[in-house]
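Each position in the sequence shown, counted from 1, maps to that position plus 3 in this note's numbering.
Treat the hints loosely; a few may be bogus.
In silico lysine-lysine, DSS-like type, Cα no more than 27 Å apart, as pairs [to be verified]: (1) K46 <-> K21; (2) K16 <-> K46; (3) K16 <-> K54; (4) K37 <-> K21; (5) K21 <-> K31; (6) K46 <-> K31; (7) K16 <-> K29; (8) K29 <-> K46; (9) K37 <-> K54; (10) K16 <-> K31; (11) K37 <-> K16; (12) K29 <-> K54; (13) K54 <-> K31; (14) K54 <-> K21.
Quick caveat, the hints were computed from the structure, so don't treat them as lab data. None of the values given here were measured: they were computed from a predicted structure.
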Amino acid sequence: MSDRQEFSSDALKVVISKAWSDPGFKAKLVTNSKDALASLGIKVPEGVNYKFIEDTPTTRHFVIPALSADGELKDELAKVAGGKAVAGMLPVK
């Protein structure tokens, strides 16, 4: 497991679903993600911070991943750099 994969896609689905259905949870997720995640039984590893931000109809956010400690591209980033895109994020040509 890479250093960027400790938060599973299944857990992320639960978090997003809860944020869409519960405005109070969404507000807490944006301001205090550790407590919001803990309320769902998701433990944030020591020394790790998760930041949640919300897209709007006119603003989209993209994350520039950090390079690994050895400066090499991770497999996931290499796929994007090679022309493959994440479904729902970028147009695939």
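Comparing the hints with the structure gives:
Between K46 and K21 the alpha-carbon distance is near 16 Å, which keeps this suggested pair within the 27 Å criterion. Restraint check for K16 and K46: satisfied, since their Cα atoms lie roughly 16 Å apart, inside the 27 Å limit. Between K16 and K54 the alpha-carbon distance is near 16 Å, which keeps this suggested pair within the 27 Å criterion. For the hint pairing K37 with K21, the CA-to-CA distance comes to about 15 Å; that is within 27 Å, so the pair holds.
For the hint pairing K21 with K31, the CA-to-CA distance comes to about 11 Å; that is within 27 Å, so the pair holds. Between the alpha carbons of K46 and K31 the distance comes to roughly 15 Å, so the proposed pair stays at or under 27 Å and holds. Restraint check: the Cα-Cα separation between K16 and K29 comes to about 13 Å, which is no more than 27 Å; the hinted pair holds. Of the pairs offered as hints, the one joining K29 and K46 holds, with about 17 Å between alpha carbons and a cut-off of 27 Å not exceeded.
For a cut-off of 27 Å, the pair hint linking K37 to K54 stands: about 9 Å separates their Cα positions. For the given pair, K16 sits about 17 Å from K31 by alpha-carbon distance, which is consistent with the 27 Å threshold. Note on K37 and K16: the hinted pairing holds, with a Cα-Cα distance of about 17 Å set against a maximum of 27 Å. With a C-alpha separation of about 12 Å, the suggested pairing of K29 with K54 holds against the 27 Å cut-off.
Annotation: proposed proximity of K54 to K31 holds, straight-line Cα distance about 11 Å (limit 27 Å). Taken as a hint, the K54 and K21 pair is honoured in the structure, with Cα atoms around 16 Å apart against an allowance of 27 Å.
Checked against the numbered hints given earlier, the structure satisfies every one of them.
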